[in-house]
Amino acid sequence: NAGVMQNPRHLVRRRGQEARLRCSPMKGHSHVYWYRQLPEEGLKFMVYLQKENIIDESGMPKERFSAEFPKEGPSILRIQQVVRGDSAAYFCASSPRQAPEGTQYFGPGTRLLVL
Amino acid sequence: GENVEQHPSTLSVQEGDSAVIKCTYSDSASNYFPWYKQELGKRPQLIIDIRSNVGEKKDQRIAVTLNKTAKHFSLHITETQPEDSAVYFCAALNTGFQKLVFGTGTRLLVSP
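So the sequence lines, in the order shown, correspond to chains A and B. Under our numbering, think of the first position of the first sequence as 424, with each following residue one higher. Under our numbering, think of the first position of the second sequence as 14, with each following residue one higher.
Check the hints yourself; a few may be wrong.
To be verified - Which residues of chain A face chain B? A partial, calculated answer using Cβ under 7 angstroms:
| hint | residue |
| --- | --- |
| 1 | F468 |
| 2 | F488 |
| 3 | G532 |
Claimed, not checked - To be clear about the criterion: a stretch of chain B counts as covered by chain A if any three or more of its residues have a C-beta under 8 angstroms from a C-beta of chain A, and this derived list gives those stretches:
| hint | region |
| --- | --- |
| 4 | 46 to 56 |
| 5 | 106 to 114 |
Claimed, not checked - Derived DEER-like restraints, expressed as beta-carbon distance ranges:
| hint | chain 1 | residue 1 | chain 2 | residue 2 | range |
| --- | --- | --- | --- | --- | --- |
| 6 | B | E92 | A | M428 | 27 to 37 angstroms |
| 7 | B | T91 | A | Q440 | 44 to 54 angstroms |
| 8 | B | P95 | A | P484 | 31 to 41 angstroms |
| 9 | B | R74 | A | K494 | 39 to 49 angstroms |
The hints are simulated quantities; they were obtained by calculation from the structure and are not laboratory data. None of these values were measured; they are calculated from a predicted model. Idealized CB from N, CA, C, for every residue including glycine.
Construct the complete structure from the given sequences, taking the supplied hints into account.
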């Protein structure tokens with residue numbers, strides 16, 4: 424059973440460009456979470472999605488950031504007009520159901536560098 | 014909202030010693046407490062978790078204890094090995110909100 428997959432693993436963008444990060448949850452998992460990790464810091468919750476629904480986006484900046492989890496295909500975190508402060512590791516996690524029964528398992532992350 | 018504090022930020026031990034990492038949380042409604050190990054450049058890996066209806070849980074060399082009254086939980090690693098060296102994160106979750114709130118991490122270094 425493949426784990427949570429994320430691509431790309433590394434992404435370099437210039438200021439003002441768009442970044443698109445993809446996450447494929449583990450097979451059988453219908454809950455997806457995105458977290459951001461700044462260098463030398465802990466992970467911060469951004470958004471929680473189920474298929475075709477955003478359940479909780481309380482951790483996501485109001486501007487330039489959006490997320491989706493379509494009926495078919497991976498979940499996508501989109502950052503428009505990137506700025507240097509967006510440089511971070513973005514981790515996706517998935518669970519088969521809501522916690523505590525549904526433990527969250529993390530993908531390998533996408534490391535975004537904004538030049 | 015929930016706030017999780019973690020101590021110490023760094024911990025150096027000799028191989029074979031025990032290591033203890035402590036966390037406190039603020040939201041008494043939190044009821045799920047996982048611990049993740051993160052090696053440099055890698056994903057956070059779940060190593061153990063505990064639910065609020067349990068006071069202690071053990072898995073080989075790793076144990077976690079929870080004191081709901083004091084809102085403390087701790088990770089205990091016995092007989093440490095160099096491969097235990099990593100950053101360890103505690104987290105708390107209120108199942109009403111489904112988002113993990115992480116501590117700031119503890120960098121554990123186990124010297125041979």
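Hints, verified against the model:
1. F468: Holds. Min distance 4 angstroms.
2. F488: violated, 16 angstroms
3. G532: holds, 6 angstroms
4. 46 to 56: Since three or more residues must qualify, the claim that chain A covers the region 46 to 56 of chain B holds, with 4 doing so at under 8 angstroms.
5. 106 to 114: Held - the region 106 to 114 of chain B has 7 residues with a Cβ nearer than 8 angstroms to chain A, which meets the minimum of three.
6. B:E92 x A:M428: 27 to 37 angstroms: holds, 34 angstroms
7. B:T91 x A:Q440: 44 to 54 angstroms: holds, 49 angstroms
8. B:P95 x A:P484: 31 to 41 angstroms: holds, 40 angstroms
9. B:R74 x A:K494: 39 to 49 angstroms: Given a distance of about 43 angstroms, which is inside 39 to 49 angstroms, the answer is holds.
Checked against the numbered hints given earlier, this structure breaks only hint 2.
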